[in-house]
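Just so you know, the protein sequences line up as chains W, Z, A and H, in that order.
Under my numbering, the first sequence has 136 at position 136, and the numbering climbs by one with no breaks.
Under my numbering, the second sequence has 1281 at position 281, and the numbering climbs by one with no breaks.
Under my numbering, the third sequence has 2255 at position 255, and the numbering climbs by one with no breaks.
Under my numbering, the fourth sequence has 3023 at position 23, and the numbering climbs by one with no breaks.
No lab work stands behind these hints, which were simulated from the structure alone.
Where a beta carbon is used, it is the ideal one built from N, C-alpha and C, also for glycine.
Treat the hints with caution; some may be incorrect.
Negatives, chain W to chain H, calculated, CB over 12 Å [said to hold, decoys possible]:
id	residue
1	MET47
2	ARG53
3	LYS58
4	LYS79
5	ARG175
6	ALA188
7	GLY208
8	ARG275
9	ASP309
Ranges between beta-carbon positions, derived for each pair [to be verified]:
id	chain 1	residue 1	chain 2	residue 2	range
10	H	ARG3207	W	ARG264	51 to 61 Å
11	Z	GLU1296	W	HIS131	38 to 48 Å
12	A	GLU2134	W	GLN62	34 to 44 Å
13	Z	GLU1321	W	ALA103	34 to 44 Å
14	A	PRO2039	W	ASP232	58 to 68 Å
15	A	SER2234	H	LYS3260	51 to 61 Å
16	Z	GLU1296	W	ALA2	53 to 63 Å
17	A	PRO2039	Z	HIS1131	52 to 62 Å
18	A	PRO2039	Z	GLY1173	56 to 66 Å
19	H	PRO3071	Z	GLU1296	24 to 34 Å
In case you want the letters, here they are:
Protein chains: 4
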Amino acid sequence: MAKKLRVGILGATGMVGQQYISLLEGHPWFEVTYVAASPQSAGKTYMEAVAGRWHMQKDIPQNVMSLKVSPIDDIVQAKKQCDFVFSALDTPVAKEWEEKYAAAGLPVVSNASTHRHTPDVPMVIPEVNPHHLEMVPGQQKGRGWKEGFIVVKPNCSIQSYMLPLALLHRRYGLRSVVVTTMQSISGAGHPGVASYDIMDNVIPYIRGEERKSEYEPQKILGTIKGDKFAYDESFAISAHCNRVPTIDGHMACVSFSCAKKPSREEIISLWKSFRGVPQDLKLPYAPEKPIIYREEENRPQTRLDRDTDKGMAVTLGRLREDPVLQWKFVGLSHNTIRGAAGGGILIAELLKAKKYL
Amino acid sequence: MAKKLRVGILGATGMVGQQYISLLEGHPWFEVTYVAASPQSAGKTYMEAVAGRWHMQKDIPQNVMSLKVSPIDDIVQAKKQCDFVFSALDTPVAKEWEEKYAAAGLPVVSNASTHRHTPDVPMVIPEVNPHHLEMVPGQQKGRGWKEGFIVVKPNCSIQSYMLPLALLHRRYGLRSVVVTTMQSISGAGHPGVASYDIMDNVIPYIRGEERKSEYEPQKILGTIKGDKFAYDESFAISAHCNRVPTIDGHMACVSFSCAKKPSREEIISLWKSFRGVPQDLKLPYAPEKPIIYREEENRPQTRLDRDTDKGMAVTLGRLREDPVLQWKFVGLSHNTIRGAAGGGILIAELLKAKKYL
Amino acid sequence: MAKKLRVGILGATGMVGQQYISLLEGHPWFEVTYVAASPQSAGKTYMEAVAGRWHMQKDIPQNVMSLKVSPIDDIVQAKKQCDFVFSALDTPVAKEWEEKYAAAGLPVVSNASTHRHTPDVPMVIPEVNPHHLEMVPGQQKGRGWKEGFIVVKPNCSIQSYMLPLALLHRRYGLRSVVVTTMQSISGAGHPGVASYDIMDNVIPYIRGEERKSEYEPQKILGTIKGDKFAYDESFAISAHCNRVPTIDGHMACVSFSCAKKPSREEIISLWKSFRGVPQDLKLPYAPEKPIIYREEENRPQTRLDRDTDKGMAVTLGRLREDPVLQWKFVGLSHNTIRGAAGGGILIAELLKAKKYL
Amino acid sequence: MAKKLRVGILGATGMVGQQYISLLEGHPWFEVTYVAASPQSAGKTYMEAVAGRWHMQKDIPQNVMSLKVSPIDDIVQAKKQCDFVFSALDTPVAKEWEEKYAAAGLPVVSNASTHRHTPDVPMVIPEVNPHHLEMVPGQQKGRGWKEGFIVVKPNCSIQSYMLPLALLHRRYGLRSVVVTTMQSISGAGHPGVASYDIMDNVIPYIRGEERKSEYEPQKILGTIKGDKFAYDESFAISAHCNRVPTIDGHMACVSFSCAKKPSREEIISLWKSFRGVPQDLKLPYAPEKPIIYREEENRPQTRLDRDTDKGMAVTLGRLREDPVLQWKFVGLSHNTIRGAAGGGILIAELLKAKKYL
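Chain W with its partners taken away, still in its complex shape (with noise of 0.2 Å):
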């Protein structure tokens, strides 16, 4: 069996940074080898750094607990210690640091938001848009770097309505899209939303999110134009983006409206039949099925279908003609797995069975 590839975390304190090294736990290909994080967590363990706030169900893997935490700006050591790294980093911290990783030979699979738009840089679902990773020596090329790039993961908000609609624009041409989402708690963080603002009740606006699900997928749906991505505008987005209380999984109220209007049993069976790159190569951590569709009336639901597939499914429900535009649905995806830890994981995936890492 082929030696892993070391992995460095970016911001491995944070709960990003903890679920990434959470579900690496056992990977048949990935080894954290490496974490860093701020000035206050550089030089302890990983176990003392994160002492008192390690948020994950499973306990600290053994491989990582006494792993030393680097500071965020040692390069050189991380281009020792490891092959590539996924960065948890806040958005300020990103924008500082991504490109130095990237430009000192280490490919970088980001969470943040700061390069998501950055013209050059695939944003990438890779049962969606994998080809975007072509984008890549073109990258390397316009920036000068030899080994690394970076590539980013869009914003969770999205996911559980993403591939769908992609099948449909690809097929139907999709033109208008509203779409309401039901939000959980750890999509902010820890320690993110404080209990008294959210118990028994509804807070119907996220900073930046509608903006983010408006935005972003018109690039994940755009074609690579030379040395820059063209955003698809052919079709528009209204977001409504709401935080619940619910710990994991966003839900999504989807009404959509196609340049030709498909019947019901041509959505289904789209959906239902569609395999991605990510399953023909059988990547460890694509879902056999990257869409369930449920026949429930009453489905999908956030505490039961948000773990389906080992949290990388998505699962939607409730196809039905809509008054206004021509057919609406309800999609749930787990966000911190495949919105966030388990999505990246699946884009380094990908970069290696394609030979990028």
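Chain W is already provided as a structure; the job is to place chains Z, A and H on it using the hints.
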């Protein structure tokens, strides 16, 4: 001071019946003198009948405690003991009894869905369509009823956006609405939603609710055409109805378009300046301002805003451009007050002020 | 490999019945081949019978879906189709049927409270009093039963402290226990607790629960005296039982005194080193370590620790001096796994390992 | 009508400060004229200072909105603008400033824990130990203060059982108490407990809370011995303190023994008939009945009973024999009203009625 009208509550032991009894305590015009319920409660005092299942925060009003519960079929007794009734009956029972009470000479203000689409029965939100009460004489004539009649209250799910949209419709011609509701558990009555089903969960389905939300507004905004209501089909509504883990308060995310696109200032001004018939008549249960528009970016919120003006005001916020339709906003109302018993009381007050009672 | 024992589930459509069916999927020794329920379910396939009310996170196991549901009174059929049964019947129904099944030659492992204090029926926690099964032959002889017998599982409320206290009792002589439980809603079954009753609330009362918590331990720690169990009255327990808004997991705050006060080290060592008969026999459903003692100052926590070792381990923490009694600690166990179906399965495994099945 | 006393709030922008400001709106004796907070708020109007973090359900009182926030160190200004202050400061800041304010001539009623065990500082529940205020002249003399002094309020965790136990202690000699609390999230202030930490969870640990609960009662029930308080060590308390997912209201399960065992009737009668000094003096914020004993088997409940008598009454229930100690019961009080700002206001009212203000 005039003598108070004597009020009967049909379905007095259920959740909505309890809410009526609780809200009517100390009412300046009405006094509960009669309570009717199912056979197993009949013959007991009201206090005995609700022992162990009184769900209101205030204790049972002193004057209602010792009322003897009548069986629902003793209309002769009802006629002696009250001047009109609120019906909090379940739909199938309402179907059987509301007309009999009206035929016997007792006006019925109903929360049940039975007669919402009966052609000669007004479905009223007092700030929106008070003139629909003008159907009452026609209803009585057509059915050969002397003093009795039936007026109904629409579904709780539409109350957080019906008034603001009605104002827009009259000025700018509403065309399209896509609405997603996040509805509280109290909307399902008691025992209603099992805690095991809704904790840490969203259920994207409430039986019958979407159809009601899409169809009832067309009658409410319709007109009287001879002996029946003509529905207004100049606009279409698409509704997604969700149950979320909050106790009271229904929130709605609304996107809409009008025939003529209003400006942001026009909309806000229309909403803020509106005073309706209940306000002009200074009805006791009318909120001072029927619509509160909040400027904060994260309001309305369910727990913070539901009780505004004794739970009778509708709170709006976040009016912003919509990339698909014209505008979008968030609305909130208290489902068991404005959306149920409080809404019914306001109808009765309007009926009395307009001399129908 | 030996043939699996064929298992029947009485009360198969209820919450506990579903839990049995879900947990037994893929069990190495047992296979569900028979499901019995109330008359309205009888005759349907299991999938039809639970349509719209299957509450487990995993879907219905393939092999159970198409089983025909038998009426509870068809014992002849039961005898043909299974080797023993788990009873998840409600107490009144259990009273009527469990003895008839046993009389007909089917061993019954019961979750019902009916026979917990029947003098010749063992009430067993496999790590605490496995030797109580030695009553089985006496029970059979006394009642004239050949192959059938009844063994019961104690109440879920005591499972988070019964084992740690039993160990202390045998070494140091337990004298006094004051315990307050914070019990999850799943303990009440489905629909169980209404969401309107428990959201943002604590209900300091669960019918019958305190009496069970105070009395059952005296039988469990008692001894076989001829043809009946002698209760151990050398200690007294005072229980406060509360329902709190958590989904799964019962937590207990326990203060206790012994005849001889143990040191902190002695207690921790006793708990950490304990391995019981299920561990020695390597029973499939036995947790590797029956007691996990956590050193963090804020553990165990309901959501974080309930699933430890497939929900079968008891997690303890916060052992500290008690200003009134001698010591106090916090205990947690999963109420629907260790405290219900998982506990029953472990009893059945013990019965099989000990050749009673 | 006499002129109102001018009140300052130290730590005015925090959760407890906001509660003071909200509860004092329209107070007949007191008027908020001065607000002090940390340097980053100083210089702003109060409305600006709390923009986006006003957590009360009622809006900011009109008269406080435009008050300029003073820095905490401008005692000269404070002396000019108010007659006494409520301190809602965090403990370390309270340590630095409360004595300085008192030394400058401003009486301080404090919610901080800093001076709870300072030997010459009364810790007062007005219904329990109003006579402890007699220490004030001694405190002033001993410290050379003219008009200023410090009085403190005990911890919120003990308020639901301190009064009922105090009454028993005086009549029957309390000896032993084992108490388990289930405390709401608002007790931790804002942002306080992260929603991710407490949803679907119980945390059996609140830093410092158990020690406070066990120790503070001994001072409250103690006596003035010259220039200091003598603690009453004739009884011992063991406390388990838990955080549960409720918004407001602390519940306590209490087992206790007295030197002389009272009968059930004696206890209930003692509790129900009690009226204290605040009731005799008809203090504005005093509840009419300090203790409400409910006969229902499942009361008090957190959500249903916390607001009783404007959140100032203690609600008890379920008094029953205890198999280990003598009796057990359940108590409930509103932690941010009776347990925080409301309790402080009642102390100030008592001070005024007794001419200390």
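Hints versus structure:
1. With a minimum CB-CB distance of about 20 Å to chain H, MET47(W) clears the 12 Å threshold, and the non-interface call stands.
2. In this structure ARG53(W) is not separated from chain H by more than 12 Å, as the shortest Cβ-Cβ distance comes to only about 10 Å.
3. For LYS58(W), the shortest C-beta to C-beta distance to chain H comes to about 16 Å, beyond the 12 Å cut-off, and the non-interface label holds.
4. Taking the minimum C-beta to C-beta distance to chain H, about 34 Å, the non-interface status of LYS79(W) holds against the 12 Å cut.
5. The Cβ of ARG175(W) lies farther than 12 Å from every Cβ of chain H, with a closest approach of about 38 Å, so its non-interface assignment holds.
6. Distance check for ALA188(W) against chain H: the nearest CB is about 8 Å away, which does not clear 12 Å, and the non-interface claim fails.
7. Its beta-carbon lying about 16 Å from the closest one in chain H, GLY208(W) satisfies the requirement of being farther than 12 Å from that chain.
8. For ARG275(W), the requirement that its beta carbon stay farther than 12 Å from each beta carbon of chain H is met, with the minimum near 35 Å.
9. Distance check for ASP309(W) against chain H: the nearest CB is about 23 Å away, which clears 12 Å, and the non-interface claim stands.
10. Taking the beta carbon of each, ARG3207(H) and ARG264(W) are about 57 Å apart, inside 51 to 61 Å as hinted.
11. Separated by about 43 Å at the C-beta atoms, GLU1296(Z) and HIS131(W) satisfy the suggested range of 38 to 48 Å.
12. The given range of 34 to 44 Å is respected by GLU2134(A) and GLN62(W), whose C-beta atoms sit roughly 42 Å from each other.
13. Look at GLU1321(Z) against ALA103(W): about 40 Å separates their beta carbons, and that is inside 34 to 44 Å.
14. At about 59 Å, the beta-carbon gap between PRO2039(A) and ASP232(W) stays in the expected band of 58 to 68 Å.
15. Roughly 27 Å separates the CB atoms of SER2234(A) and LYS3260(H), a value that falls outside the hinted 51 to 61 Å.
16. Distance hint check for GLU1296(Z) and ALA2(W): the Cβ-Cβ separation is about 55 Å, which falls inside the suggested range of 53 to 63 Å.
17. At roughly 55 Å, the beta carbons of PRO2039(A) and HIS1131(Z) sit within the given window of 52 to 62 Å.
18. For PRO2039(A) and GLY1173(Z), the Cβ-Cβ distance of about 58 Å falls inside the hinted range of 56 to 66 Å, so the restraint holds.
19. For the pair PRO3071(H) and GLU1296(Z), the supplied restraint of 24 to 34 Å holds, since their beta-carbon distance comes to about 27 Å.
Going down the numbered hints, you'll see the structure goes against 2, 6 and 15, while the others check out.
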